[in-house]
Structures are given as C-alpha cells and as structure tokens.
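Peer 1: Using the sequences and the hints given, assemble the complete structure.
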Amino acid sequence: MAKLFNITINTPDGLYLDEDIQIATFKTSQGYKGIMSNATEFTAAIIPSKLILKYGDNTEKIYYVGTGIIHFKDNYMSIIINEISLTPLQKIKFEENKEAKKYSIIEQFSIKRNLIK
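So the number in the working numbering is just where the residue sits in the sequence shown, counting from 1, plus 22.
Treat the hints as calculated values from the structure; they're not laboratory data.
As the structure is a prediction and not an experimental result, all values here were calculated from the model.
Beta carbons: idealized from backbone N, C-alpha and C, even for Gly.
Do not take every clue at face value.
Under the rule of at most 25 Å between Cα atoms (straight-line distance), these lysine-lysine pairs were calculated in the PhoX-like manner [what the hints assert, rightly or not]:
1) Lys95 x Lys49
2) Lys83 x Lys55
3) Lys76 x Lys49
4) Lys72 x Lys49
Okay, the calculated beta carbon distance ranges per label pair [as the list claims (entries may be wrong)]:
5) Gly56 x Asn136: 52 to 58 Å
6) Thr62 x Arg135: 57 to 63 Å
7) Asn97 x Lys72: 20 to 26 Å
Peer 2: Structure follows, in structure tokens:
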C-alpha cells in the first residue's frame, strides 16, 4: 500500500477539503511540483492552475485553483487558497477579461481616431 499524507485546503469560506492522499501536484512560479509522503518541509506560493490529487487507490481528482500558499511538514499539507473549483473557472474568467480588454482597445482606437481629426 502506498504511503499517504493528510491534506487540508482552506478558502475564505472555510475548510474545503480534509483527506489522505498519495501525491499532490501543483504549480508555483517555478513550475509544477509534486509532493509525496515523507518529503522535506516545503513552503511556496501557488499560482492559478490545476491542483492534481492522487489517492491511495490510484484515482485522481483535478481541482482548478487561484492564488494561495502551500506548506508541507511532517506528512501534513496545508493549502490556503483564494478560490478552488472542480470546473475550470479560470478559463471562464480569462474569456471575460479578454472581452473586457477587447472593448478597451476599441475605445482606445476610437479616441485616437477622434484626436487625429
């Protein structure tokens, strides 16, 4: 049987997850990292990306997370995150931001054109 460790995920709304897992894979500013049981103490900032949790029965669950902090010590991982979901909300937000940016570019073009006249 694979060695497991405990993970807790907290959001501004409170405790989101408290489970035993085999591997946690997440993205920091340095790239993707994977943590297994008995790893050395680790603290990092998480950036918006996927959080992949692998369980003892070899099943995986993928979460989509915002920014946050992760700390691992003595087979206990604590994540404090501003946003987490089972659906890719970041993609939706990216599309919304893209639309907003598109309108601001159009507005800038209109202003520049009016200044030239």
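Peer 1: None of the hints should be skipped; say for each whether it holds.
Peer 2: Verification of the hints:
1. Lys95 x Lys49: holds (18 Å)
2. Lys83 x Lys55: Satisfied, since the Cα-Cα distance of roughly 16 Å is no more than 25 Å.
3. Lys76 x Lys49: holds (15 Å)
4. Lys72 x Lys49: Holds, because 7 Å separates the two Cα atoms, which is no more than 25 Å.
5. Gly56 x Asn136: 52 to 58 Å: At 54 Å between Cβs, range holds.
6. Thr62 x Arg135: 57 to 63 Å: holds (59 Å)
7. Asn97 x Lys72: 20 to 26 Å: Holds: the Cβ-Cβ distance is about 23 Å, inside 20 to 26 Å.
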